[in-house]
Amino acid sequence: MSAHLSLELKKMLRDKGLVFWTLLLPIFFIVIFASIFGNQSNTTSLSLHVVVTEPTTLTAPFIEQLEYIDSIDLEQIETTNSATELLESGEISTLLEMNGEQLTLHYDDSQQDTAGALYGIVDNVSQHLHLQASQQNVSNYVDDEATTEEWFAAPFQLEAVSINEQSVDAITHIVPGYAVMFTFFICISMVSSFLKDLRQGMVSRLATSPKHPLHYLLGKWLAFIVVVMLQIVILLGFGWLVYDVQIGNLIAIFTLSLFLSMTATAIGLLISVAVRSENSGIAITQVLALGGAIVSGLWMPIEFMPSFVQQASVFFPQYWAHQAFLDVMASSGTILSILPSLLILLVFTTVCLAIALFLYPRFLRDAA
Amino acid sequence: MITIDQVSKSYGKKQVLHNVSLTIPEGSCFGLVGPNGAGKSTLLKLITMILSADRGEIMIAGESTQRNSVKIKRQLGYVPQEICLEETLTVEDNLKFFSQIYNVPSAIHKERINHVLKTIQLEDRRKTIVKQLSGGMQRRLNIGCTLLHDPMLLIMDEPTVGVDPNSRNEIYNVVKTLIKSNKTVIYSSHYMEEIEKLCDLVCFLNHGEVIDMDSPQTIKQNNTTKAVEVSLQTNDLKHFQHLGEPKETKNGYVFSTDDPLRLIQQLTTTMKEQSLDVTHLQMVTPSLEDIYLQKTGQSLSEEGQS
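The listed protein sequences correspond, in order, to chains Z and L. For the first sequence, our numbering begins at 79 and goes up steadily by one. For the second sequence, our numbering begins at 5 and goes up steadily by one.
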């Protein structure tokens with residue numbers, strides 16, 4: 079088995095295509111997406127344009143209250159155009175029209191989520207102003223400010239607490255996301271390598287040697303595991319060095335990388351012994367790697383996905399690997415906290431390996 | 005000694021080998037001849053245990069290939085028709101890999117690699133990347149990779165296919181060296197001249213059946229239909245009608261006969277009587293290829309070029 083392992087590693091060192099797929103392309107993607115999303119803060123601002131058509135005494139305090147809210151990026155505009163014209167021009171997506179005591183929130187239908195959030199905030203500010211005015215009136219009437227404050231005190235105290243010890247930004251999501259996605263591209267190199275051996279007669283030649291045929295299969299598998307491990311280490315290392323991404327618990331990250339390498343290459347092994355042509359192998363890999371990346375939330379957080387996609391994601395090893403990476407890197411997870419993900423990756427590995435071993439005799443017959 | 009006893013093999017409904025029985029003595033060079041589809045490669049794959057026979061048994065040095073495959077494989081070297089090398093690695097890397105595959109002890113693997121490089125005449129190419137070697141050199145390395153464990157039985161499936169005449173001669177020299185070292189060699193080829201030069205025994209295979217097997221000399225003796233070739237300055241053959249129907253060749257005409265001396269006498273008498281000038285007259289001995297053509301109706305050389 080060591081003969082195959084060392085031979086494959088020597089071959090891979092000289093394989094420029096492998097270096098491109100495993101390292102250069104993922105680094106390129108990380109850099110591109112980090113440039114696009116890297117400057118965004120975690121707190122999302124909601125853009126709100128306000129137009130006052132008929133002011134009242136409460137208009138100014140109302141706008142002042144809205145401006146205090148961090149999550150609102152407010153801009154007051156003066157225009158003679160109608161709200162519909164402004165929204166249809168695409169210049170703005172939400173508009174609050176203040177016509178006397180009448181407030182109207184106009185919104186583009188594609189911004190329903192934003193409009194819903196803004197509606198809640200505007201309504202809240204309106205209620206707050208109403209409460210302030212009521213509290214002032216009651217206070218004047220009873221002439222007891224302390225008692226009035228007690229009467230008008232909020233029944234609940236709301237506090238927001240982040241579960242992350244380190245700050246989690248978009249890059250902390252991007253780096254492990256692309257590392258996980260590109261590990262599955264190893265399947266292309268595996269298919270290519272196995273089918274080349276088959277075509278050139280190497281498999282049948284090795285069948286005449288005293289070594290058991292499993293040495294060939296497992297030797298090659300081990301070599302690809304080593305390559306994927308190196309790939310993950312280099313990509314995470316790149317994130318750490320260039321973007322200061324937190325790596326977290328090293329033992330957990332190493333174990334997770336090993337399990338992910340085993341899973342990706344076991345799938346590669348299965349595709350390699352199952353397909354009859356390189357094109358089929360590439361097609362299956364593309365569907366698995368890109369489809370799995372989208373569904374598993376490697377490109378954008380899984381929470382943004384429709385619920386059926388979120389439900390489907392649990393059937394993809396990418397989801398479990400990515401969630402475990404985020405757990406360790408963003409939430410200071412340990413090997414114990416990612417144990418369920420590790421076990422699921424192990425199940426994927428075992429199932430794929432078992433099917434590959436079942437199909438291997440057919441692969442050997444094709445070689446003869 | 006290799007004994008092949010009543011071996012048959014089919015691919016689906018197509019029978020490729022039908023009750024093939026052969027005996028190959030130890031230390032001999034055994035030539036396997038036949039056109040594409042004759043069953044040569046299948047027979048070699050059965051001997052090398054890449055395939056299993058549907059019926060019959062193959063014994064190598066007294067061991068059955070079905071029961072003692074690992075023991076036999078330690079003594080077997082197979083040179084496939086394809087060049088099975090890692091072309092992005094060096095000559096030495098390839099030899100190292102195969103020395104590990106054939107369990108050559110690490111204490112002697114350097115010595116074995118040096119010996120093999122000398123045998124295949126690639127000592128000065130040790131560090132060369134395989135894809136930078138010529139086709140002939142790659143073929144020699146393809147042979148070299150099977151010599152590392154010093155096998156007693158060498159099986160070569162068309163080792164000279166697709167190489168130029170110079171490279172073919174270099175490969176002949178390598179194979180001759182191996183034959184001299186008392187190895188049993190099974191050599192499959194389209195090229196009859198290779199078989200005549202190298203082999204002690206020849207087996208004609210056609211449509212999965214053995215149609216003749218003996219030494220090249222004995223096959224020639226047993227199958228020679230003697231003939232006389234004559235070149236005349238005229239194309240008028242009416243004077244020779246009583247001597248039979250001649251076959252036209254590039255040198256003139258060939259008359260088949262069981263008694264060539266008597267035919268020559270008849271030819272010279274006729275030429276003297278008719279005052280015909282003769283430019284060339286000789287007895288013809290058919291080649292192995294002519295005999296194969298005679299027996300099967302198929303030409304090997306045309307197949308070989310395809």
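It cannot be assumed that every hint is accurate.
Unchecked claim - Distance ranges between label pairs, derived from CB positions: (1) L:Asn107 - Z:Pro439: 19 to 27 Å; (2) Z:Lys274 - L:Lys114: 24 to 32 Å; (3) L:Asn107 - Z:Lys274: 22 to 30 Å; (4) L:Ser56 - Z:Leu103: 38 to 46 Å; (5) Z:Ser80 - L:Gln19: 25 to 33 Å; (6) L:Asn107 - Z:Phe106: 42 to 50 Å; (7) L:Gly66 - Z:Pro439: 26 to 34 Å.
To be verified - Derived pair list, reagent style DSBU-like, types lysine-lysine, alpha-carbon separation capped at 30 Å: (8) L:Lys224 - L:Lys75; (9) Z:Lys88 - L:Lys131; (10) Z:Lys274 - L:Lys75; (11) L:Lys254 - L:Lys230; (12) Z:Lys89 - L:Lys299; (13) Z:Lys94 - L:Lys131; (14) L:Lys122 - Z:Lys289; (15) Z:Lys289 - L:Lys276; (16) L:Lys276 - L:Lys299; (17) L:Lys114 - L:Lys75; (18) L:Lys131 - L:Lys75; (19) L:Lys184 - L:Lys114; (20) L:Lys135 - L:Lys75; (21) L:Lys122 - Z:Lys89; (22) Z:Lys289 - L:Lys180; (23) L:Lys75 - Z:Lys289; (24) L:Lys254 - L:Lys75; (25) Z:Lys88 - L:Lys18; (26) L:Lys276 - L:Lys254; (27) L:Lys184 - L:Lys230; (28) L:Lys242 - Z:Lys274; (29) Z:Lys274 - L:Lys114; (30) Z:Lys274 - L:Lys131; (31) L:Lys299 - L:Lys17; (32) Z:Lys289 - L:Lys135; (33) L:Lys135 - Z:Lys88; (34) L:Lys251 - L:Lys299; (35) L:Lys230 - L:Lys276; (36) L:Lys114 - Z:Lys89; (37) L:Lys17 - Z:Lys94; (38) Z:Lys274 - L:Lys184; (39) Z:Lys88 - L:Lys122; (40) Z:Lys289 - L:Lys251.
If you are wondering where the hints come from, they were derived from the structure by calculation, not from laboratory data. Since the model is a prediction, treat every value here as computed from it, not as a measurement. Think of the CB as a built atom: it goes at the ideal place given N, C-alpha and C, for glycine as much as any other residue.
Quick rundown of the hints versus the structure:
1. L:Asn107 - Z:Pro439: 19 to 27 Å: 24 Å, holds
2. Z:Lys274 - L:Lys114: 24 to 32 Å: 29 Å, holds
3. L:Asn107 - Z:Lys274: 22 to 30 Å: 25 Å, holds
4. L:Ser56 - Z:Leu103: 38 to 46 Å: 44 Å Cβ-Cβ, so the 38 to 46 Å window holds.
5. Z:Ser80 - L:Gln19: 25 to 33 Å: 42 Å, violated
6. L:Asn107 - Z:Phe106: 42 to 50 Å: 44 Å, holds
7. L:Gly66 - Z:Pro439: 26 to 34 Å: With Cβ atoms ~29 Å apart, the hint holds.
8. L:Lys224 - L:Lys75: Given that 30 Å is the threshold and the Cα spacing comes to 38 Å, the pair is violated.
9. Z:Lys88 - L:Lys131: 14 Å, holds
10. Z:Lys274 - L:Lys75: 29 Å, holds
11. L:Lys254 - L:Lys230: 18 Å, holds
12. Z:Lys89 - L:Lys299: Since the Cα atoms of Lys89 (chain Z) and Lys299 (chain L) sit roughly 49 Å apart, the hinted pair is violated (cutoff 30 Å).
13. Z:Lys94 - L:Lys131: With a Cα-Cα distance of about 20 Å, the restraint between Lys94 (chain Z) and Lys131 (chain L) holds, given a limit of 30 Å.
14. L:Lys122 - Z:Lys289: Holds - the C-alpha atoms of Lys289 (chain Z) and Lys122 (chain L) are around 26 Å apart, at most 30 Å.
15. Z:Lys289 - L:Lys276: 74 Å, violated
16. L:Lys276 - L:Lys299: The hint is violated at about 37 Å.
17. L:Lys114 - L:Lys75: Given that 30 Å is the threshold and the Cα spacing comes to 24 Å, the pair holds.
18. L:Lys131 - L:Lys75: Given that 30 Å is the threshold and the Cα spacing comes to 33 Å, the pair is violated.
19. L:Lys184 - L:Lys114: 23 Å, holds
20. L:Lys135 - L:Lys75: Violated: Lys135 (chain L) and Lys75 (chain L) sit about 34 Å apart, past 30 Å.
21. L:Lys122 - Z:Lys89: 26 Å, holds
22. Z:Lys289 - L:Lys180: 29 Å, holds
23. L:Lys75 - Z:Lys289: Since the Cα atoms of Lys75 (chain L) and Lys289 (chain Z) sit roughly 11 Å apart, the hinted pair holds (cutoff 30 Å).
24. L:Lys254 - L:Lys75: 54 Å, violated
25. Z:Lys88 - L:Lys18: 42 Å, violated
26. L:Lys276 - L:Lys254: 24 Å, holds
27. L:Lys184 - L:Lys230: 34 Å, violated
28. L:Lys242 - Z:Lys274: Cα-Cα ~64 Å, so violated.
29. Z:Lys274 - L:Lys114: Roughly 29 Å separates the two Cα atoms, so the pair holds.
30. Z:Lys274 - L:Lys131: 23 Å, holds
31. L:Lys299 - L:Lys17: 26 Å, holds
32. Z:Lys289 - L:Lys135: 27 Å, holds
33. L:Lys135 - Z:Lys88: Distance ~15 Å between Lys135 (chain L) and Lys88 (chain Z) Cα, so the pair holds.
34. L:Lys251 - L:Lys299: 18 Å, holds
35. L:Lys230 - L:Lys276: 24 Å, holds
36. L:Lys114 - Z:Lys89: 21 Å, holds
37. L:Lys17 - Z:Lys94: Measuring from Cα to Cα gives roughly 45 Å; hence the hint is violated.
38. Z:Lys274 - L:Lys184: 36 Å, violated
39. Z:Lys88 - L:Lys122: 25 Å, holds
40. Z:Lys289 - L:Lys251: 56 Å, violated
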